[in-house]
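Novice: Protein chains in written order, with UniProt numbering: chain P, 1 to 444; chain Z, 1 to 452.
Do not take every clue at face value.
Claimed, not checked - Okay, derived cross-link-like pairs now, DSS-like style, lysine-lysine, Cα gap no bigger than 27 Å in a straight line:
{"hint": "1", "chain 1": "Z", "residue 1": "Lys-251", "chain 2": "P", "residue 2": "Lys-301"}
{"hint": "2", "chain 1": "P", "residue 1": "Lys-328", "chain 2": "Z", "residue 2": "Lys-359"}
{"hint": "3", "chain 1": "Z", "residue 1": "Lys-359", "chain 2": "P", "residue 2": "Lys-377"}
{"hint": "4", "chain 1": "Z", "residue 1": "Lys-17", "chain 2": "P", "residue 2": "Lys-168"}
What the hints assert, rightly or not - Covered stretches of chain Z (in silico footprint by chain P; criterion: 3 or more residues with CB under 8 Å from a CB of chain P, positions within the stretch not fixed):
{"hint": "5", "segment": "21-31"}
{"hint": "6", "segment": "406-414"}
In case anyone wonders, no lab produced these hints; they're calculated from the structure. Quantities reported herein were computed from a predicted structural model and do not represent experimental measurements. Every residue, glycine too, gets a C-beta built ideally from N, C-alpha and C.
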Amino acid sequence: MAVTTRLTWLHEKILQNHLGGKRLSLLYKGSAHGFCNGVLLDRCCNQGPTLTVIYSEDHIIGAYAEESYQERKYASVILFALQETKISEWKLGLYTPETLFCYGVTKYNSPANFQIDVRNRKVITDLKTMENLGLAHKYTISIQDCEVFRCEDSLDERKIKGVIELRKSLLSALRTYEPYGSLVQQIRILLLGPIGAGKSSFFNSVRSIFQGHVTHQALVGTNTTGISEKYRTYSIRDGKNGKYLPFILCDSLGLSEKEGGLCRDDILYILNGNIRDRYQFNPMESIKLSHHDYIDSPLLKDRIHCVAFVFDASSIERFSSQMIVKIKRIRRELINAGVVHVALLTHVDSMDLITKGDLIEIERCVPVRSKLEEVQKKLGFALSDISVVSNYSSEWELDPVKDVLILSALRRMLWAADDFLEDLPLERTGNLREEIIKCAQGKK
Amino acid sequence: MEVTTRLTWNDENHLCKLLGNVSLSLLYKSSVHGGSIENMVERCSHQGCTITMTYIDDNMIVAFMLGNYINLHESSTEPNDSLWFSLQKKNDTTEIETLLLNTAPKIIDEQLVCRLSKKDIFILCRDNKIYLDKMITRNLKLRFYGYHQYLEREVFRVEGIKDNLDDTKRIMKAREHRNRLLADIRAYKPYADLVSEIRILLVGPIGSGKSSFFNSVKSIFHGHVTGQAIVGSDITSITERYRIYSVKDGKNGKSLPFMLCDTMGLVGAEGTGLCMDDIPHILKGCMADRYQFNSHKPITPEHSTFITSPSLKDRIHCVAYVLDINSIDNLSSKMLAKFKQVHKEVLNCGIAHVALLIKVDDCSEVLQDNFLNMSRSMTSQSQVMNVHKMLGIPISNILMVGNYASDLELDPIKDILILSALRQMLRAADDFLEDLPLEETGAIKRVLQPSI
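In isolation and in its complexed conformation, chain P is listed as follows:
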């Protein structure tokens, strides 16, 4: 018999969130370990905070004890009733495990408002408790199955320590990253996406990590007009006076489904490296070749090496058909131009049910997975090319869990850029290699 919980993902999530972000670890399951009160206690005493879940015909009852169950010691018990997605709570009070689980001498004698008797597969209760939980008035509830979980903090000290280590190794990988074949010194990543998707916020978040505190160099707009009207190419220093990191984030005007927004030809000019930093976009027409911000013959180092499409996770479903057509068309043009691209899903922590504690294993979260599949289906991205992040917006201080997501996304972009550089036609890289060699020899 498999020892896996009967809780659906949704129910487990609702309980976890209700308990303030706990991870549930299954200790006992009646149908696997036997409906015996002694067995239940043997397995579940001294396990820290626990949640007992009772499955009845049409609802779930939970009993949460904040302290470990210990022989003949009182623990304060809180009851929950979960009907569909509605949860209600009632503080039951102090109980010994023997009373709560009808074990040994205290059997049915002590006055109790709520007792779980797994041996007889029933819960004995009074009407008042049922009423407080918003359940139908009944004296007994039959138990289909009973499970006991240990509740662990989803972000305990041990995990935070691990995340900090992971963050350290990602940081060192990014600091020491060298573009493929040393063809360029810095990888240029273009952030593209609808207005307000979080392009500038992503840059700010990356910069914040390397600065050591949350910064807002790029102005961020939350209204529908978007704030980035200038083309900006941001080099990032490693620390306040540190040296430049091996990548440049290029922030553009947002895409708009109607008129306005970044125009199509400008995208191509940006890709080629024709547009200078701080060029003022004109949503009505593309850059003029005579414009002083137009670069005539850009080099490999000036062009974009990787495009990152930035999407707000909460708006994927609501993309208009015009927006989808627009993005698909840009994607098609990128493909024709041989430019690699990845996708970035922002604001994942503001999705329904998702809490900060979920960020540590965000890709395992069912709603996030379905978002990823949505992006794959609607826009044609491969799942392995989609990263999930939560940008810094209201925080003052950095959070290692967020950092790990942001840095992993950045690493994926650099991998993609390597693919691009490796795939360049030989004649273009060949010339460059010669130039590099010449330069190197010149220096000697």
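Position chain Z relative to chain P; hints supplied.
Specialist: Relative to chain P, chain Z alone:
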């Protein structure tokens, strides 16, 4: 006392990945739940698959994984499978060694004892002492043997696999086999050194997974899922240029001894997809990398990149017919006709060929348990028989793979299928090279000799 594991989060993740994306649930911790073996067994029996960790010191863990603790109480002497691990911290990394033993621990005199041919090889005593035989420590690369004091014991339930160890064993063996295949392919040299790289041509209907196959191969050699060749998921083909991809062994590694040549997809209707008259030119090696396909017009010798006198190294040495396994049984008659036409050209040139069936649902079903051959249930499938009949390809050269399309992590079983397919292609290419008329290879040898 808090019930939290001593295992670091990174080691836990590392181990979970190694065991095939499982998760661990702590059931027992000796410092909290009592140190006797009886205490441990009470909490851990009937919990499905478990892993028992013994923390020797802060940097060393010895662990074993059992299908179920239930066997501990039985007096039967029937051996059972168990998987053994050592985790050792060295500098900043944790090294994990594994060992598969056909023996399971039993409780004897309140000790947990493991015997192999009547010899005690492992004993867990109650006073925080552990005994490890030389055989175990040697295999797990531990620096001690005999009795040793330990800090603590913990038992976890392993979630996300079936209740027995078979799945995990398979993943372990798969990893070993994958590493062997990787080594084979890295060390491969084309027959008689006639060429330095084998050129494999991928042809097949639009969206069948040609470019994805290249991406999958590259992903394996780079150690993470990559998408150099951009892949289409819509009906229109993404690949409009002829591409000759070389794969490097890691980012800055050297090139591997094969190249994958990616073509535009075939379409049933005339005037769309790959132009049929391009095929002989591709096979002979006249088409250069990045040639822009034109569905209406084949390449001509007048084209600026046309290679007029291709040598043996420019030619295609093996053709892989790429097909979506789910659509084989309902290929249109026009598509079939095109396929036959391609096949005729391939036969004319005498080039080796294999079929590559992509989008296999369950990759773990394809091979036999030892990964050496395809399983009978797969080779007897109607799709395989159909391809066999349609193109006359021997069944052993009808290869089945699952591409990396929707995965975030590499999977050793998928890797094995892809690498095995690649190896079969290289073997087929060798046959082709060996079979070349002497005047062709002879001429090349003569050209080569002066330089030697």
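Novice: Compare the structure with each hint and give your call.
Specialist: Going down the list of hints, with the structure as the test:
{"no.": "1", "hint": "Z:Lys-251 / P:Lys-301", "result": "holds (20 Å)"}
{"no.": "2", "hint": "P:Lys-328 / Z:Lys-359", "result": "holds (24 Å)"}
{"no.": "3", "hint": "Z:Lys-359 / P:Lys-377", "result": "holds (17 Å)"}
{"no.": "4", "hint": "Z:Lys-17 / P:Lys-168", "result": "holds (20 Å)"}
{"no.": "5", "hint": "21-31", "result": "holds (count 3)"}
{"no.": "6", "hint": "406-414", "result": "holds (count 3)"}
Checked against the numbered hints above, the structure violates none of them.
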